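Chemist: In order, the protein sequences belong to chains A and B. Residue 29 in this note's numbering sits at position 29 of the first sequence; the count goes up by one each step and never skips. Adding 122 to a residue's 1-based position in the second sequence gives its number in this note's numbering.
Keep in mind the hints are simulated off the structure, nothing from the lab. Certain hints may be false.
[As the list claims (entries may be wrong)] Derived pair list, reagent style DSS-like, types lysine-lysine, alpha-carbon separation capped at 27 Å:
hint: 1; chain 1: A; residue 1: 19; chain 2: A; residue 2: 48
hint: 2; chain 1: B; residue 1: 131; chain 2: A; residue 2: 84
hint: 3; chain 1: B; residue 1: 182; chain 2: A; residue 2: 48
All figures in this text were calculated on a predicted structure; none of them were measured in a lab.
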Amino acid sequence: MSESSEPLNVDNWTTQLRKGLLELCIVNLLAKGEIYGYDLVKQMAQVKGLVVTEGTIYPLLSRLRRLGLVSARLEESPNGPARKYYALSREGERLRVVMNAYWHELTEGIAELHKGKEASHG
Amino acid sequence: MAEWTPEAKEYLEGYLRQVAALARQQGDDADEIVAELRGHIQREAEEAAGVMVTLDVLRKTLSGIGTPEQVTGVEAALTPAWRDKSRGAAETSSAPRTGQGATAVPVPPQQLAPPTVVVQQPRARSGCLSLALAFAIMAVVSLVGLAILGIIVSIALPSLARARAEAREKAAVENLKAIASAEEQFRSAGHKDADGDGVSDYGTLDELTSEGALDKKVAEGLIGLGYEVEVFLIPTSQPRGPAFTCMATPEGDSSSGLRLAARGRRRISIDQTGEVIFPETPPTAGRIGSAGGT
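Turn these sequences into a full structure, and let the hints steer you where they fit.
Modeler: This is the structure in structure tokens:
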């Protein structure tokens, strides 16, 4: 039986974990209603623990739009170039429900695990 | 809306070009991402700068946006939270995220700038453009200067020539008046009665000077002014009595009144009445008879 000599890279682990949560945060934010892309990015940047560079949101939005989970429309702005507003599509809403259900199940499971651990120690 | 320095513009374009290239590699819609990112960066930078977006302001803005690799997911965009907390305040303040407050994520300085190729290329081009612009401005300024000089010369030279011609004419008129005065003096003294009718006549320039009525320098002065001087005499047999006409003609232009006018110089004459006139053409031999001569 061979053993890996490389230790667990915690940086990569946390990065991958939160990267996957970005989509979950975006669809939940869009579930509140149509939102201007810039404002969405700003709100995402304020999510505690999600610490994210703002530029990463736009590729994600673009991918979600191409997958049909998010719709986008342009609106002329008196203060500059046209603004792109994003909204959750029906398909996106269905996905959001599934994602949230899974997320809650996961967090509850992890919480139960912690409870059991604490009980065994107590 | 704030202005952008050329360096900041070039830097932004280089940054976005690299984002586009990496986004295409990832199979993403590069145009859409770049358009959205551009608007975001412009708004952030202009709000931070106020009036002028400099390279420094743009770099600080991009530190919050992420490197092209982070934006496109080629590189980890999410800095591990536990590591953020373990970092010292000094490191955090060395690379602040704009407007992020307590959740600010310090991005290592070496990750802030786009790769060397992208950054240096715009700078090099910027230098060439600046040099080319400087040459272009110099060329335009020189041309404008030459044009202005040409206009000034074209206005000033004819005016100067005209002023000099007028000064010469004025001096010539004074000399002609001196000759007319000498003629009256000569006739009053009765030095000459060419047709023997008992009425004194006017004399030629040689007769005037030889009898002391005219200083030779007067006639020479006219010559010095560029005129040829002739005196035409009319015999006393004419009904109106003896007469003379003294004509000063610009040298070399005795046949063309048009050319004289073009040069700003004219023929000048004076007669026994003392009237100075500027005849367009010289009197013909028929008009003055056979009594003329210098």
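Chemist: Tell me the numbers of any earlier hints that the structure contravenes, in ascending order.
Modeler: none
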